[in-house]
Amino acid sequence: MLTSLLAIGLVLAFGSVGVLAEGKPNGEYPIEDRFAATVIGTPKFYKADLPAEIPVKEYTLPGLHPVPELFWYSDDLRFSAALQKGRAPLVFNIAGTGAGYQSAKMLALQKALYQAGFHVINLSSPTYLNFLINASQSNLPGFLPEDAEDIYRVMELAYQKVEADAEVSEFHVMGYSLGAAHAAFVAELDQTRKVFDLQKVYMINPPVNLYHSVDILDQLLDDNVKGGVEGVGVFLDKTLNRLAASYEPKDGMHFDGDFLYKAYSSWDPSQRGIGPEGRNGAAALIGTSFRMSSANVVFAADLMSNSGYIIPPGTEFGRRERLDYYAKASHVVKFTEYVDQMVIPYLQQKYPGKSRKQLLGEASLHHIEDFLAGNVQVRVVTNRDEIILAPGELEYMEGLLGERIKVFDHGGHCGNIDSVESVADMLAFLQGGQ
Amino acid sequence: MTIKGQCTAAILAIVLFGAQSWANEEQDDAQLDREKVEDLMAAQAPEKNEVQRLISPKVPENALLVYDPWEPMNRGIYNFNARFDRAIFLPTVRGYRAVTPDIVEKGVSNFFSNLGEVSNLVNNLLQLRMKSSAITLWRFVVNSTVGVGGLWDPAAKFGAYEQREDFGQTLGYWGVGSGPYVVLPFFGPSSLRDATGLGLDYAVEYNIDLLAINGDGNQDDLRSGLTLLETVDTRKKIAFRYYETGSPFEYELVRFAHRQLRDIAIQK
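Residue numbers (this note's numbering), protein chains in the order written: chain A, 1 to 434; chain B, 1 to 268.
Pulled out of the complex, with its shape left as it was, chain B reads as follows:
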């Protein structure tokens, strides 16, 4: 019998024995032998500090594990993001929401989503998703015209929803593995592959330059203003709040959930 087997058997025995004694205790309401109970308690108590008993010695094939060789750095950045979020990001979002009517907020969201259709189209094409590419193109045309420069999303009323794809997904589609887990400053959970994809998406949007504002010194203020607005709008749409899960293991939970959701997004 392996050590693991023994541990399992021991825990099982303790649990069964414990449950049994509890059941007995419930059945006969007679005077309890206190000594016996204390002995039982002593038998049940784990040896102090014995982490080893509680986790099996060999780490089994575990879907909860995510490759994270840069964990100390990632944790540092995660904490930085949490502080930044609490001190600057969320107050800014709150301020934005307080001064902006809902309909304007919606328009802003739609406007940036519409600009994002460029990278959606590029990535749908790169993944040979012809139907999604057609929908994306149709959305872009309809929303830019009927939707007044993308402020409204009439295409969605016709059932043409956003076909969101990014470069990380494209790389994944062509078989690139996610690589190590990375927490990016400001952006949050990612992976080496997805972080690379993020850079490529940005490069595409920058070079296509839909609003024709790049490389023109006179438009610098407008450009920074739009970037800021887009950032605030993006944060507004994400419900996640750092350290509200109530779990001391939030970093691990987020890492697991993020990886799962990315994998699903790539399969779809």
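If we strip away everything but chain A, and leave its shape as in the complex, we get:
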């Protein structure tokens, strides 16, 4: 009796596993609204096949600055590495705005690269709190040439850490979003420093002019959230309730990207995009999330650099300090305002005689276009409906790179980063010519 029950139990437990794998639709990335694509990401059936887990080790490096009490939890620079047993090329992978080395996109890229036989070192963005505090010389990230110096220093130290365990044949660098621009600047810097002799540069959804891109993202919140930043609380409340309305937690579903996709595709197409008064819910979410990243940068940069922009200089924060007052103030500041009012004044003091326009121009791919145009080992991948590019910037990159840019039709900003096609493109480029 017991054995037959056990047998039934086993059949029931494993019998239906195959069902999910069926019904896989063919075709390209399915979300046509660029904002929705950016928020939802890649639905399961279109994702590249990646291992559930790979052996990743975390490392720490000593920080450059004394860490204030408030940031007690972030007192060393952290990064991760997935290393092959034998000799292999090593890829430095740089995160996008506000993202850390262990963010979902970074983990997906790390898995894809590791699976294809690369050593992979994942680095946080200089705009990520842990990097900003510990590895940014100025504590005022956002100026690409200086960010590149910071990243380059971290790359050297990180490689020293793993050198004994990794036999490296050659070095590549890549990144997505802001990290893609960083990758290009790092590679350009390597031309003179020559520590790594970087072979290939792979850029996923890069900005062209950083200031244009952050301006577009700043504007998304103002244009799509009723009442601007003051309305964010109400907006989030409403959005969560709307999502909850189509979410039945007891149906064995999880509140993740696939749920969002299901909710999105079940909504009336006429209501998907534009809401009341021309507002777009997905665009509002992107604007809100960008503003949150920027608030983190504003607050941390102000505290670390003693700029006195919102925190009176000399203010000491304890570990249990109430921060809602400062949280609110930080969220009012746009990223463009941060650049104009904190970064540019610092740079003008450091490089007297340089105008704002000159400095902003240096934080743009235009500034290193000779390097990009002349180097056959640079590749850009982006989307026709990318949201962070100003008019003409996609055409500029196409003109500059010719064969070396791949433009997918849909995906918005990094929405298709772990799709089958995107991962295939990345691996084909990095593995090619070996």
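Hint data in this document are derived by calculation from the structure and do not stem from the laboratory. It is possible that part of the hints are untrue.
Covered stretches of chain B (in silico footprint by chain A; criterion: 3 or more residues with CB under 8 Å from a CB of chain A, positions within the stretch not fixed) [stated by the list, open to error]: (1) 76 to 84; (2) 257 to 267.
Calculated Cβ distances over 12 Å to all of chain B for the following chain A residues [unchecked claim]: (3) Y59; (4) L61; (5) H65; (6) Q115; (7) Q137; (8) S169; (9) E170; (10) Q191; (11) A373; (12) G399; (13) L400; (14) I405; (15) K406; (16) F408; (17) V420; (18) E421.
Built from N, CA and C at the ideal position, the CB exists for glycine as well.
With chain A held as given, fit chain B onto it using these hints.
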């Protein structure tokens, strides 16, 4: 015009003016009047330390706010939890995962979920959710027998998913407000109501004593072992990692998200 209005207008003016000048700058590539730009920069710069300009003086009705009168204590406990998590909890979970085959881990999770059906059933009944109660009972019976003491979850294959309800939700269902935000040691974010509910759920499970191990001195080791295993299993299933949001305002974010998700769970 109120002070708030003036501030908004001032910020708006600065933004518009700033954007306008940027646009002009882009259009004519002619030599820029540096003095003019510097004046503009000066006009845009906020007065130092002027937090007041950046936040409106009156705090508006804000859905982001959660009643948190014990914030300093809560923050202290939050930090303690973060340290405990990093130093002890997560290494233990990592060790557990390293030595245990995935299928065994799954069985352990199912086993404890199955025990938890008791409190799910009690709370579904208390909330008069008859359909959910029936599903819960059915799950418990099927999983305890066909699922070999709850090690497998065959009921889910028939589409009968866990109908999770706890005592905090029951109290909420009957109109008890959440009360002040509370961060519990080890457990994390909660509220006065939910913390009370947690205690009641524990009391129910303890008294029903499905495994018949309570109050028997010879079973003390087994009981502590199971409690430890359940704790590790619970932590394993939660993806959250302290201080990886990269936000200096993580405490506020977690507080907001937790309250929202609880409210939704109670409505459902």
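Okay, the hints, checked on the actual structure:
| no. | hint | result |
| --- | --- | --- |
| 1 | 76 to 84 | holds (count 3) |
| 2 | 257 to 267 | holds (count 4) |
| 3 | Y59 | holds, 15 Å |
| 4 | L61 | holds, 17 Å |
| 5 | H65 | holds, 15 Å |
| 6 | Q115 | holds, 19 Å |
| 7 | Q137 | holds, 19 Å |
| 8 | S169 | holds, 30 Å |
| 9 | E170 | holds, 31 Å |
| 10 | Q191 | holds, 29 Å |
| 11 | A373 | holds, 21 Å |
| 12 | G399 | holds, 19 Å |
| 13 | L400 | holds, 19 Å |
| 14 | I405 | holds, 24 Å |
| 15 | K406 | holds, 29 Å |
| 16 | F408 | holds, 28 Å |
| 17 | V420 | holds, 25 Å |
| 18 | E421 | holds, 28 Å |
Every hint from the earlier list agrees with this structure, and none is contradicted.
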